[in-house]
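*Asks:* Protein sequences appear in the order of chains X and E.
At position 3 of the first sequence the residue is numbered 2 (numbering that gives the first Met the number 0), and the sequence of numbers has no breaks.
At position 212 of the second sequence the residue is numbered 211 (numbering that gives the first Met the number 0), and the sequence of numbers has no breaks.
Note that these hints are calculated values from the structure, not bench results.
Please read these numbers as outputs of a predicted model, since none were measured by experiment.
The reader is advised that the hints may include incorrect statements.
[What the hints assert, rightly or not] Covered stretches of chain X, as calculated for chain E (at least 3 residues, CB under 8 Å): (1) 40–50; (2) 105–118; (3) 232–243; (4) 277–287; (5) 330–342.
For every residue, glycine included, the Cβ atom is placed at its ideal position computed from N, Cα and C.
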Amino acid sequence: MNVGASTGRFRRVPGGAGHPDVGTASGASAPVLEVSDLSVRFDSDEGRVHAVDRMSFTLDPGEVLGIVGESGCGKSVTVMSMLRLLPPTATVTGSALFGAEDLLRVPAARLRRVRGREISFVFQEPMTSLNPVFTVGRQIGEVLRKHLGLSRSGARERTIELLRLVRIPAPDRRVDEYPHQLSGGMRQRVMIAMALACDPKVLIADEPTTALDVTIQAGILDLMRELRERLDTAIVLITHNLGVVADIADRVIVMYAGRKAEEAPVRDLFAHPQHPYTIGLLGAIPRPGEVLEHGGRRRLQEIPGRVPSLAELPDHCAFADRCPRADGLSRSQVPELRAVRPNHFVACFHPGENGAT
Amino acid sequence: MTTGPVLEVEGLKKHFTVGGRLLGVHGVVYAVDGVTFTIGPGEFFGLVGESGSGKSTVGNCILRLLEPTEGTIRLKGQDITHLSRRRMRPIRRDLHIVFQDPYSSLDPRLTCGQIVGEPLRLHQLARGRELERRVEGRFDSVGLRSELRYRYPHELSGGQRQRVGLARALSVHPSLLVADEPVSALDVSVQAAILNLLRDLQEDMGFSCLFITHDLATVEFLCDRVAVMYLGKIVETAPTRDLFAAPKHPYTQALLSAALSPDPEVQRTRTRIVLEGDIPSPLEPPSGCAFRTRCPLEPQSKPRSHEEEPLLRDVGGGHLVACHLVGPGGEAPRLIGDPAVELGAEV
Numbered sequence: 000m001n002v003g004a005s006t007g008r009f010r011r012v013p014g015g016a017g018h019p020d021v022g023t024a025s026g027a028s029a030p031v032l033e034v035s036d037l038s039v040r041f042d043s044d045e046g047r048v049h050a051v052d053r054m055s056f057t058l059d060p061g062e063v064l065g066i067v068g069e070s071g072c073g074k075s076v077t078v079m080s081m082l083r084l085l086p087p088t089a090t091v092t093g094s095a096l097f098g099a100e101d102l103l104r105v106p107a108a109r110l111r112r113v114r115g116r117e118i119s120f121v122f123q124e125p126m127t128s129l130n131p132v133f134t135v136g137r138q139i140g141e142v143l144r145k146h147l148g149l150s151r152s153g154a155r156e157r158t159i160e161l162l163r164l165v166r167i168p169a170p171d172r173r174v175d176e177y178p179h180q181l182s183g184g185m186r187q188r189v190m191i192a193m194a195l196a197c198d199p200k201v202l203i204a205d206e207p208t209t210a211l212d213v214t215i216q217a218g219i220l221d222l223m224r225e226l227r228e229r230l231d232t233a234i235v236l237i238t239h240n241l242g243v244v245a246d247i248a249d250r251v252i253v254m255y256a257g258r259k260a261e262e263a264p265v266r267d268l269f270a271h272p273q274h275p276y277t278i279g280l281l282g283a284i285p286r287p288g289e290v291l292e293h294g295g296r297r298r299l300q301e302i303p304g305r306v307p308s309l310a311e312l313p314d315h316c317a318f319a320d321r322c323p324r325a326d327g328l329s330r331s332q333v334p335e336l337r338a339v340r341p342n343h344f345v346a347c348f349h350p351g352e353n354g355a356t
Numbered sequence: 000m001t002t003g004p005v006l007e008v009e010g011l012k013k014h015f016t017v018g019g020r021l022l023g024v025h026g027v028v029y030a031v032d033g034v035t036f037t038i039g040p041g042e043f044f045g046l047v048g049e050s051g052s053g054k055s056t057v058g059n060c061i062l063r064l065l066e067p068t069e070g071t072i073r074l075k076g077q078d079i080t081h082l083s084r085r086r087m088r089p090i091r092r093d094l095h096i097v098f099q100d101p102y103s104s105l106d107p108r109l110t111c112g113q114i115v116g117e118p119l120r121l122h123q124l125a126r127g128r129e130l131e132r133r134v135e136g137r138f139d140s141v142g143l144r145s146e147l148r149y150r151y152p153h154e155l156s157g158g159q160r161q162r163v164g165l166a167r168a169l170s171v172h173p174s175l176l177v178a179d180e181p182v183s184a185l186d187v188s189v190q191a192a193i194l195n196l197l198r199d200l201q202e203d204m205g206f207s208c209l210f211i212t213h214d215l216a217t218v219e220f221l222c223d224r225v226a227v228m229y230l231g232k233i234v235e236t237a238p239t240r241d242l243f244a245a246p247k248h249p250y251t252q253a254l255l256s257a258a259l260s261p262d263p264e265v266q267r268t269r270t271r272i273v274l275e276g277d278i279p280s281p282l283e284p285p286s287g288c289a290f291r292t293r294c295p296l297e298p299q300s301k302p303r304s305h306e307e308e309p310l311l312r313d314v315g316g317g318h319l320v321a322c323h324l325v326g327p328g329g330e331a332p333r334l335i336g337d338p339a340v341e342l343g344a345e346v
């Protein structure tokens with residue numbers, strides 16, 4: 000698809016066409032990122048908070064990995080800790096291998112070379128993550144000059160190219176504008192342009208479309224899909240929106256209370272969810288077209304109770320108190336992740352698509 | 000028992016002037032520009048639109064939190080458009096709101112019991128033991144344990160707070176509840192509980208509801224009728240089922256096609272329309288049809304769409320649409336699956 004020359008006022012996008020379903024998850028190439036036993040603990044006056052508990056995952060080149068969960072489940076902390084972006088009150092253990100280097104242990108100077116150049120970030124709120132007193136061009140240019148050593152004019156030229164790549168209209172004019180002059184969707188495009196400035200191997204997108212309108216959201220997701228195809232960038236997509244995951248992810252991790260509850264290829268997860276929490280989440284959302292298909296209205300499925308406080312995480316299954324399948328075993332031990340099908344893992348003593356097994 | 004509509008809004012306009020003598024910028028923001036709709040007894044009416052479409056401003060005008068510039072608002076037949084604050088006071092019993100943010104919409108210095116009891120107290124409907132009893136009943140009906148009456152808002156979770164907000168709004172049995180994005184700030188599993196609750200309470204109490212949101216799936220789940228707003232105007236309104244089955248306005252079609260389905264099989268096989276550009280500034284709305292700057296069918300509709308503003312017309316069955324290209328019998332151009340339209344598109 001020709002990204003640069005988009006002149007039309009709209010595009011019709013055949014859903015899913017043109018991208019392989021499971022990405023490059025065939026296992027032929029080495030993972031670009033390998034996280035093992037990552038735990039994050041915060042020490043505060045009110046005691047210790049275990050935000051992430053022994054998370055492990057891999058990311059293949061060109062793959063889109065979705066991490067879903069509700070607020071406080073540790074999804075953002077997981078990726079922030081990998082790049083050591085957390086405050087000093089956080090204690091991070093485990094390892095995060097990027098190539099041969101452990102990001103948790105490399106010297107700060109080396110880490111600075113990695114951040115923004117090889118692994119880059121797109122945050123949820125494009126207004127607060129752009130500096131209001133510098134032009135868009137200067138902010139993207141800064142990345143190019145610092146990391147790639149481009150000259151002022153070279154950086155400007157490349158910046159305009161990047162803005163064009165993310166489909167900002169009239170990029171040679173926009174480059175001299177300030178963030179407040181752009182709309183929310185355009186700001187997010189600028190963030191993505193900045194993140195892509197150095198052709199990173201990994202893009203971490205933390206709720207990239209949450210603050211945006213539906214029609215703008217669709218455009219941003221298309222953009223990410225295209226970039227993955229053109230540049231083979233691997234993407235870690237953090238979201239609470241199952242629709243976003245259904246649209247773009249190859250593989251999904253569901254997190255609950257700092258732990259991985261389930262991991263599966265996207266179609267398996269939606270068609271054959273195993274963990275009662277995943278099943279609960281899928282039942283809780285109204286689906287487009289549902290009323291039309293079934294005529295009547297169903298009640299949305301509720302998950303009783305609430306997320307446990309991370310300060311007093313139980314030493315048994317964290318979901319047990321809200322789970323219809325919980326029994327003595329669930330209330331005495333932490334379930335380990337186990338494979339229920341190829342590439343489909345679940346941390347539950349009683350996995351299954353419906354009812355208790 | 001009223002048989003007429005609970006709420007009638009006619010030609011509602013709200014314009015804001017921006018800038019001042021110091022900045023030297025002058026302009027008028029046409030936030031709401033001629034909105035007309037009615038809500039029947041016990042009806043759930045959804046007002047959908049993207050940010051900046053003016054949907055919340057409509058809600059705020061109805062509640063008289065903003066002074067309407069033009070138009071009339073009638074509640075159960077009574078014109079409330081320009082009532083003074085004092086005259087408005089007894090009417091507020093009939094008209095309540097649930098806000099989006101359950102954190103900032105509850106007074107942090109009052110206990111939850113006081114918050115829920117306040118409308119009852121102010122309208123002098125109950126006091127003393129009777130007040131206590133009613134508050135307890137309200138807590139029970141929204142699924143909160145009655146001990147929570149003595150807690151302060153900060154001690155509660157987001158979902159619990161939203162229940163307190165709902166209990167407060169419904170404590171005086173209003174005929175109309177305005178709910179402005181009541182679940183957007185909540186987690187998915189909590190949203191489900193609040194949406195179910197809203198429907199249960201409606202069945203029990205029979206109030207009407209103006210439900211303002213950007214989330215189409217929620218509207219489809221909850222509402223009887225829907226209006227879609229774009230740049231301060233309603234572009235299409237219809238019974239929910241009709242609107243979702245056969246959207247007629249190009250904007251509605253694009254909006255529905257862009258909504259994500261939480262099912263990879265569905266989501267990855269369907270065709271969607273991605274609109275280019277953003278909502279134009281309400282400071283300088285385009286001439287003629289407000290949607291023409293982003294409309295995929297603009298080549299077909301010009302020059303008429305540049306010169307003449309399309310009016311909301313009834314095309315049968317309570318389906319109203321404001322588009323030049325829609326025929327008198329409701330024949331609408333389809334953005335998806337119509338070869339004539341396909342030619343003009345860049346794929």
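*Asks:* Hints first: check each against the structure and report whether it holds.
*Replies:* Each hint tested on the structure:
{"no.": "1", "hint": "40–50", "in the structure": "violated (count 0)"}
{"no.": "2", "hint": "105–118", "in the structure": "violated (count 0)"}
{"no.": "3", "hint": "232–243", "in the structure": "holds (count 5)"}
{"no.": "4", "hint": "277–287", "in the structure": "holds (count 9)"}
{"no.": "5", "hint": "330–342", "in the structure": "violated (count 0)"}
Figure legend: structure checked against the earlier numbered hints; hints not met, in rising order: 1, 2 and 5.
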